[in-house]
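K.L.:
The primary structure of each chain is shown beneath.
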Amino acid sequence: MLNIHNQTHGDIGLLCPEGRIDSTTADDFHTALFSALDTGHRVVVDFGKLQFISSAGLRVLLMAAKRVRKEKTELLLCQLDASHREVFEISGFLPLFTIHETVTDALKGAAE
Amino acid sequence: MTARPPKLLYSVDDRPPPSLTALLALQHLIVLAGVGLVFPIVLAHAIDLGHTETAQFVALAMSASGLATVFQSLRTPIVGSGFLAPTSIGPPWLPASIIAAKTGGLSLVAGMTAAMGLLGLPLARLLPKLRFLFPPEVTGTVTIMVGVSLISPAIRAIFGLDLPEGTERSPTLITGFATLAVFVVGGARGSASQLRLYLPFLAIAIGVAVGVATGLMTMDDWAAVSHAPVIAIPSPAPWGWSFDPLLIVPFLVAMVGGSLKTMGDITACQKINDPDWKRLDMTSAAGGVMANNLASLLAGLMGSMGQQSYSTNIGLAMATGVTARIIGIACGGLMVALAFFPKIAMVFTVMPVPVLGALLIFASAFMIVTGMQIVTSRMLDMRRTFIVSLPIIFGLGEGFLSTFHDSIPNWVPPLFDSPLSTATILVILLNFVLRFGISSTAQLRLDSAEEAGKRVHTFFEQQGDAWAARTEVIRAAQICHSELIESIFRQSLCSSGLDLTVSFDELKLKSLLQYDGSPITISGHRPNEQEMLEDEEALETLATYLASTYATDIQVSSDTGTTEIRITFEH
Chain A
1 MLNIHNQTHG DIGLLCPEGR IDSTTADDFH TALFSALDTG HRVVVDFGKL QFISSAGLRV
61 LLMAAKRVRK EKTELLLCQL DASHREVFEI SGFLPLFTIH ETVTDALKGA AE
Chain B
1 MTARPPKLLY SVDDRPPPSL TALLALQHLI VLAGVGLVFP IVLAHAIDLG HTETAQFVAL
61 AMSASGLATV FQSLRTPIVG SGFLAPTSIG PPWLPASIIA AKTGGLSLVA GMTAAMGLLG
121 LPLARLLPKL RFLFPPEVTG TVTIMVGVSL ISPAIRAIFG LDLPEGTERS PTLITGFATL
181 AVFVVGGARG SASQLRLYLP FLAIAIGVAV GVATGLMTMD DWAAVSHAPV IAIPSPAPWG
241 WSFDPLLIVP FLVAMVGGSL KTMGDITACQ KINDPDWKRL DMTSAAGGVM ANNLASLLAG
301 LMGSMGQQSY STNIGLAMAT GVTARIIGIA CGGLMVALAF FPKIAMVFTV MPVPVLGALL
361 IFASAFMIVT GMQIVTSRML DMRRTFIVSL PIIFGLGEGF LSTFHDSIPN WVPPLFDSPL
421 STATILVILL NFVLRFGISS TAQLRLDSAE EAGKRVHTFF EQQGDAWAAR TEVIRAAQIC
481 HSELIESIFR QSLCSSGLDL TVSFDELKLK SLLQYDGSPI TISGHRPNEQ EMLEDEEALE
541 TLATYLASTY ATDIQVSSDT GTTEIRITFE H
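These protein sequence lines are chains A and B, in that order. The first sequence maps to residues 1 to 112 in our numbering. The second sequence maps to residues 1 to 571 in our numbering.
Keep in mind that the hints are not guaranteed to be accurate.
[Claimed, not checked] Here are the simulated DSBU-like cross-link-like pairs (lysine-lysine), alpha carbons at most 35 Å apart as the crow flies:
id, chain 1, residue 1, chain 2, residue 2
1, B, K510, B, K454
2, A, K72, A, K108
3, A, K66, A, K108
4, B, K454, B, K508
5, A, K49, B, K510
6, B, K454, A, K66
7, B, K7, B, K129
8, B, K454, A, K49
9, A, K70, A, K49
10, B, K271, B, K7
11, B, K510, B, K271
12, B, K129, B, K510
13, B, K129, B, K508
14, A, K66, A, K49
15, B, K7, A, K108
16, B, K129, B, K454
17, A, K49, B, K508
18, B, K271, B, K508
19, A, K49, B, K271
20, B, K7, A, K66
21, B, K7, A, K49
22, A, K49, A, K72
23, B, K271, B, K454
24, B, K271, B, K129
Read the hints as simulated data drawn from the structure, not as lab findings. Computed from a predicted model, the values in this text were never measured in an experiment.
Chain A with its partners taken away, still in its complex shape (with noise of 0.2 Å):
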C-alpha cells in the first residue's frame, strides 16, 4: 500500500510517500515523481513516513537521478531513517543523492 502526498513549495516540488515503495507500487512512485519533475520543478522526496523501500524503489530514484542530472535540476532527499540509510549505503546508492536530515533543510537545500 502506497499513499504519495505532493506539495509544492514555490517552485519546489515535495513529495511524501507514504507505506512501501516495492514491486507493486514501483510504477505508482514512478508516476508521481516524474510527474513533478515533468513540470520542471526541482523535488524533494520526503521519507519520513516511508515504511520500506526495495530494489525496486531505489531503481525508480535512480532513473530520476540521471533525467535531473541531463536535466540540470535537483533532486533530494530528507528524512531518511537508519534503515533506510542502510539500504542505500549496501545498494551503493548514498553518493549518488543529496540527503538532508530535514524537510526545512531539504527545502532550503532546493531553493539555494
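Following the hints, complete the assembly by docking chain B onto the known chain A.
P.N.:
Frame of chain A, contents of chain B only:
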C-alpha cells in the same frame, strides 16, 4: 578487523605514541580503581579486618585486577578478547564473598573464588553456545538483582548501622550524603561530558575531604598511611584456601553473572571497533570470558576476589576515541606495579565507610537501571513478564523476610540463601521450563505478488514479537525475504505461489522458502549505476545482492521442479 571506525583516533590494533598510551593507561586505572577496589574494602569492613590486613587484601586485588586487564587485552586462540576491556573485582562476587568471609574468613573467599574460576574455564567455551539459556530477560533480571544485593551493605555503610551503640552518627551521615551528592549533581550536570567517567574518583576525593572535616578520618588513619612501607612485595594467599560445598551456588551465580556481564561488554567492544559489525564474534567473546575466569582463578589462588570487565572503562575508551588494546596491557601492568607500593593500598583502606556506602549506592543504581534496560530491550509478553517478575518477587521476599528460610521445606536443596541466588536460580529455571510449549516455527503461504511484501513484513514483525527476537535480526529478515520474494514473482519463477516456513531459537533464525519452478540465482555482485540503468537484469542482481548481504547464509537447491531456498540469520 575491518577499517578503523571514523569516530576512533586509535583503533584496537593501533599503537598510540608511548606518552599517550601511558596517560590513557593511568586514566583507565583511575576509573577502574574508583569502583573495582571498593568491593574488597567493603568486604574487609564486613568482617572488621584490621588496617594492615585490609591493605594487603587491596594490594592483592590490585595485582589480580592488573593481571585480569592484561589477559583481557590479549588475543590468543584461547585467552583474551583482544579488546581494551579493563577488568577488576566484580559486583556479582560481593554478596557471595561476604557470606564466605563471615562463615569461613578470607581463606574461604579465596578458595571458593579459585574453585569457581576453575569451573568457569570450560564454561567460557560453552557459554556462547548456551546463549538460549540466557536471553535478555534472564541477564537483565540477574543484573537488577546484583544491584539489589548491593543495597544492604550500601545502606549499612552510609547510615553507619554497624557503628557501636551510642556512637555519634552525624559525621557518618554528612560524609556519606556529601559523597552521594557529588554523584547526583556531577552525574546530572556532566551526563554528556567526560566528567561522569571520573565521578567515582572525584566523589572519593570530596568524600575523604568531608570525612577529614567532620572528624571521621582521624590521625590514626593518616598514621597508618605514613607507617605503611614504601615498597613491599604482595605476599600471595596469606590466609590460605578453604572450601565449603554449601557456598557453591552463590559463587556459581557470581561466576555466571560476571561471565555474562563480560560477554555483553565484549559485544560492545566488537561493535565500537567494527562499523560493519553484524554478529557476535564467538572466538573473541569466549576468549573474553576465559580471560575473566582465568583471572578469577588466579585471584582466588592469590587470596583475592572474582573478576569481571567494566563497562565504565569501555565508555571511557569511546569518549577518548582510543580503543587500542595496548592501553589495556599498559593499564594492567601499571596496576600490578602499584600493588608493590603499600601506601597506595593503605590510602584506599582508610577511606571512610560512608564514602564506600555512597560508591556502592552509585554502583547499585547503575546496575538496577542497566538491568531494566536489558529486560525491556525486548517486548514483554505474559510468559516473559512472569520469567522476570517472579524471581524478583521471591528474591526480594528472601531479602525482606528473615523467616523466609524457615518456610522452605527441608527437602528443598539449600539454594535460596540470598536474594541474588534465589532470583538467579529461579530466572534460569523459569526461562528453561517455560520455553517448552512455545511454537518455534511459523508458516506463511503467498499465492501472488499482490501485497506479498507487506504480508512478509507483518509476518516477521508478529513472529519477532512472539519470539522476542532482536529487532535488527527481524528487520534483516524482512528486507532479505521481501527482496527475494519480489524477485521470484517479478521473474515469474514460481508457478503456483510460495511457502515460507520460519523457525527460531536464541542462536539462529532460519527460514525455508519453497516453490514449484526454476531456482533463483543469488548474486554476490553489486551492480553499478550504469548497469542498473541499462541492464534489465540488474534489478534482480541488486535484489538478490541485498538479500545475501542481510542474511548470514543463503543456499538454493532444486529437485524435480521444486526449488528450496534455505536462509539463516545469526541471532
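K.L.:
For a C-alpha distance cap of 35 Å, please report whether K7 (chain B) and K66 (chain A) respect it.
P.N.:
Roughly 33 Å separates the two Cα atoms, so the pair holds.
K.L.:
Is the hinted pair K129 (chain B) and K454 (chain B) satisfied, with a Cα-Cα distance of at most 35 Å?
P.N.:
holds (34 Å)
K.L.:
Next pair to validate is K70 (chain A) with K49 (chain A); report whether the Cα-Cα distance is within 35 Å.
P.N.:
holds (29 Å)
K.L.:
Straight-line Cα separation of K510 (chain B) and K454 (chain B) no greater than 35 Å?
P.N.:
Within the cut-off at roughly 20 Å; holds.
K.L.:
Keeping to a limit of 35 Å between CA atoms, is the pair of K7 (chain B) and K108 (chain A) held or broken?
P.N.:
holds (29 Å)
K.L.:
K271 (chain B) and K454 (chain B): Cα distance at most 35 Å?
P.N.:
OK: K271 (chain B) and K454 (chain B) at ~31 Å, within 35 Å.
K.L.:
Can the restraint linking K129 (chain B) and K510 (chain B) be considered satisfied, given a maximum Cα separation of 35 Å?
P.N.:
Distance of about 17 Å is within 35 Å: holds.
K.L.:
When you check the alpha-carbon spacing of K271 (chain B) and K129 (chain B), does it fall within 35 Å?
P.N.:
holds (20 Å)
K.L.:
Holds or violated: are the alpha carbons of K454 (chain B) and K508 (chain B) at most 35 Å from each other?
P.N.:
Distance of about 23 Å is within 35 Å: holds.
K.L.:
Need the status of pair K271 (chain B), K7 (chain B): alpha-carbon distance at most 35 Å?
P.N.:
Holds, at roughly 12 Å.
K.L.:
Take a quick look at whether K66 (chain A) and K108 (chain A) sit within 35 Å of each other, Cα to Cα.
P.N.:
Holds, because 22 Å separates the two Cα atoms, which is no more than 35 Å.
K.L.:
Take the C-alpha atoms of K7 (chain B) and K129 (chain B), compute the straight-line distance between them, and say whether it is at most 35 Å.
P.N.:
The hint holds at about 32 Å.
Hint check: no violations occur; every hint is consistent with the structure.
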